[in-house]
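S.K.: Sequence lines, in order, name chains A and B.
Just so you know, the working numbering puts the end of the first sequence at 960, numbered straight through with nothing missing.
Just so you know, the working numbering puts the end of the second sequence at 546, numbered straight through with nothing missing.
Derived from the structure by calculation, the hints contain no laboratory data.
A virtual CB, placed ideally from N, CA and C, is assigned to each residue, including glycine.
Any given hint could be a false lead.
Unchecked claim - With a Cα cut of at most 30 Å, we get these calculated BS3-like pairs of lysine-lysine:
(1) Lys180(B) - Lys277(B)
(2) Lys277(B) - Lys718(A)
(3) Lys896(A) - Lys265(B)
(4) Lys896(A) - Lys202(B)
What the hints assert, rightly or not - These stretches of chain A come out as covered by chain B in the derived footprint (C-beta under 8 Å, 3 or more residues):
(5) 771-782
(6) 881-891
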Amino acid sequence: MKVVVCVKQVPDTKGGVKFNPDGTLDRAAMLTIMNPDDKAGLEAALRLKDQYGAEVTVVTMGLPKAEEVLREAMAMGADKGILVTDRVLGGADTWATSQTLAGALRNLDYDLIITGRQAIDGDTAQVGPQISEHLGIPVISYAQKIEIEGDSVVVERQYDDRYHVLKAKMPCLITALAELNEPRYMTPGGIFDAYKAEITTWGRADLKDVEDSNLGLKGSPTQIARASDKVRKGKGEKVTLDPSESVEYIMNKLKEKHVI
Amino acid sequence: MDFTLSKEHEMARTLFREFAEKEVKPLAVEVDETEEFPRATVEKMAKAGFMGIPIPKEYGGQGCDVLTYAMCVEELAKVCGTTAVIVSAHTSLCCDPILTYGTEEQKQKYLPDLASGKKIGAFGLTEPGAGTDAQGQQTKAVLEGDEWVLNGSKIFITNGKEADVYVIFAITGVVEKRGRMTKEISAFIVEKGTPGFTFGTKEKKMGIRGSSTYELIFTDCRIPKENMLGQQGKGFGIAMHTLDGGRIGIAAQALGIGEGALERTIAYVQERKQFGRAIGAFQNTQFQLADMATKAQAAQYMVYKAACTKDQYTKDHKTSYNVEAAMAKLYAAEMAMEVTTKAVQLHGGYGYTREYEVERMMRDAKITEIYEGTSEVQRMVISANLLK
Numbered sequence: 701m702k703v704v705v706c707v708k709q710v711p712d713t714k715g716g717v718k719f720n721p722d723g724t725l726d727r728a729a730m731l732t733i734m735n736p737d738d739k740a741g742l743e744a745a746l747r748l749k750d751q752y753g754a755e756v757t758v759v760t761m762g763l764p765k766a767e768e769v770l771r772e773a774m775a776m777g778a779d780k781g782i783l784v785t786d787r788v789l790g791g792a793d794t795w796a797t798s799q800t801l802a803g804a805l806r807n808l809d810y811d812l813i814i815t816g817r818q819a820i821d822g823d824t825a826q827v828g829p830q831i832s833e834h835l836g837i838p839v840i841s842y843a844q845k846i847e848i849e850g851d852s853v854v855v856e857r858q859y860d861d862r863y864h865v866l867k868a869k870m871p872c873l874i875t876a877l878a879e880l881n882e883p884r885y886m887t888p889g890g891i892f893d894a895y896k897a898e899i900t901t902w903g904r905a906d907l908k909d910v911e912d913s914n915l916g917l918k919g920s921p922t923q924i925a926r927a928s929d930k931v932r933k934g935k936g937e938k939v940t941l942d943p944s945e946s947v948e949y950i951m952n953k954l955k956e957k958h959v960i
Numbered sequence: 159m160d161f162t163l164s165k166e167h168e169m170a171r172t173l174f175r176e177f178a179e180k181e182v183k184p185l186a187v188e189v190d191e192t193e194e195f196p197r198a199t200v201e202k203m204a205k206a207g208f209m210g211i212p213i214p215k216e217y218g219g220q221g222c223d224v225l226t227y228a229m230c231v232e233e234l235a236k237v238c239g240t241t242a243v244i245v246s247a248h249t250s251l252c253c254d255p256i257l258t259y260g261t262e263e264q265k266q267k268y269l270p271d272l273a274s275g276k277k278i279g280a281f282g283l284t285e286p287g288a289g290t291d292a293q294g295q296q297t298k299a300v301l302e303g304d305e306w307v308l309n310g311s312k313i314f315i316t317n318g319k320e321a322d323v324y325v326i327f328a329i330t331g332v333v334e335k336r337g338r339m340t341k342e343i344s345a346f347i348v349e350k351g352t353p354g355f356t357f358g359t360k361e362k363k364m365g366i367r368g369s370s371t372y373e374l375i376f377t378d379c380r381i382p383k384e385n386m387l388g389q390q391g392k393g394f395g396i397a398m399h400t401l402d403g404g405r406i407g408i409a410a411q412a413l414g415i416g417e418g419a420l421e422r423t424i425a426y427v428q429e430r431k432q433f434g435r436a437i438g439a440f441q442n443t444q445f446q447l448a449d450m451a452t453k454a455q456a457a458q459y460m461v462y463k464a465a466c467t468k469d470q471y472t473k474d475h476k477t478s479y480n481v482e483a484a485m486a487k488l489y490a491a492e493m494a495m496e497v498t499t500k501a502v503q504l505h506g507g508y509g510y511t512r513e514y515e516v517e518r519m520m521r522d523a524k525i526t527e528i529y530e531g532t533s534e535v536q537r538m539v540i541s542a543n544l545l546k
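Given only the sequences and the hints, what does the whole structure look like? Please build it.
M.R.: Now the structure itself:
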């Protein structure tokens, strides 16, 4: 069984967020982590490896620095890492990203592709389903539980108040939720092995069946008008009032702000 | 000379720090208060490979260097001195002598379970009358047929009751050495559950209160002949060499305790206000912090140097690291004591309460000046090398 996990290196929300002049994130200048939903997807794949001996390949698209996230995945137990990096791929939105990843995935054998539901930097939840569309395979999103039954996969898809149990024939794509599991830690020995292992690097030329017009900033239908860091809230007002006065005070404030 | 850590070591530090913050720190207060051995944490550490970091992969370990192991102990100690010493005693004092002196059969039998953390290791040298004077052993082992029969007791044994595999030292005879009769000491591997091997009292300690410190009692305890570790009569050398390595672990523990107290103090002095200003704005505070940070940094270099020197020994079996280890432990332990004392002072009255962790850290720091060779023993080792 072959499982490919798409992971993304995202800004560590504990660190500061920095932007390029064009409004895209300045990824090179930020502290980074593996996107939490992707990490859960990787853990799910590693459990399939533990259980069925699956081969786990991790793929990421990003700056050369994104190699770190592949090393981390390999230190957790992934077998192979593929970095898709090329200047012409920069500034991609979800459409261009999914086209790129699909172009890379067409080179690989897989039974299952697992992506995170969404990345904490863009929060679109579009890339996974788009990849499945480009590759013409079924997608089951928001997986909270994954099981293999013969040549099919049985997945619990999470909703707010319930879950659906879906069965799909492999190959298929699953998008994972961070709640899916508790990802394992890297092992110290795994870290040293991961740095000894070779990472496969692919550029534009290695992508299969993708048009240039669908890649990079130019191939992105979405353009970012403006982006900003979270605006820090001020200290706010502090007032000491009797309970009755405070109700009136709060009501007035809510009216003033057009909340009610 | 390059003082930068490799990418691998940086990533390993990230791992240890994340684990320490998430799994160890939240329990540190409880472990200290209840004096209970953090079994669940040890299981998590075992799963993450922390119980066999410098053990070769062929014996089920992680196959990493001593520096990586020292960094693990350091990061654990930043948040919990107890958890750090559990790893240190297990790795340096039990796995290491079995790896260094064990026969292939002994290594195959014991190391995989120890390195994977399925079993915990301990080391028994100290006796009521044999502390710094380790030659003053009373525990005896007599060969009867195919078994050694042990009688005696060991005290202050870290991981005491929680361990499964013990490296124990005992007198196996008397030999003439330079015209004098001296005790012949040998090392043994003893398993928990061996008839005649029981536990005495649990020590009530000032610090590292969650580490299981027990008396081990041997009453006609019969162990197989093949459980002798190393050659008969070479036990004292095995003990001393093992402690040389152990000191790197304890030095790393001391380093982490000092660094942890410094981190908390830096945060505290920026919050605590007196006379209308954060106390960090006062030059006295700033100078104290500068001294603390400088000493912690110096200790880190010494600990890492000692670890790298032991790594060199692992490769060539020639390089001596006992002086580096003694200096690192001496300096790091005294740094930990000084930095934690200053940390409590800078926290003022709050620092003296159990509400602030520097109080625990100051208690934890003290033991690093005592166990695995007191600071005085380290000075003996260092000066003996100068005057040889």
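S.K.: Next, verify each hint and record whether it holds.
M.R.: Hint by hint, here is what the structure shows:
In summary, the hint linking Lys180(B) to Lys277(B) is supported, as the alpha carbons are separated by about 23 Å, within the 30 Å threshold. Between the alpha carbons of Lys277(B) and Lys718(A) the distance comes to roughly 47 Å, so the proposed pair goes past 30 Å and is violated. Annotation: proposed proximity of Lys896(A) to Lys265(B) holds, straight-line Cα distance about 27 Å (limit 30 Å). A hinted pair counts as satisfied when its Cα atoms are at most 30 Å apart, and Lys896(A) with Lys202(B) qualifies at roughly 26 Å.
With 3 residues having a beta carbon nearer than 8 Å to a beta carbon of chain B, the region 771-782 of chain A meets the requirement of three or more and the stated coverage holds. Residue count for the region 881-891 of chain A with a Cβ under 8 Å from a Cβ of chain B: 8. That meets the three needed, and the coverage hint holds.
Violated hint for the displayed structure: number 2, the only one.
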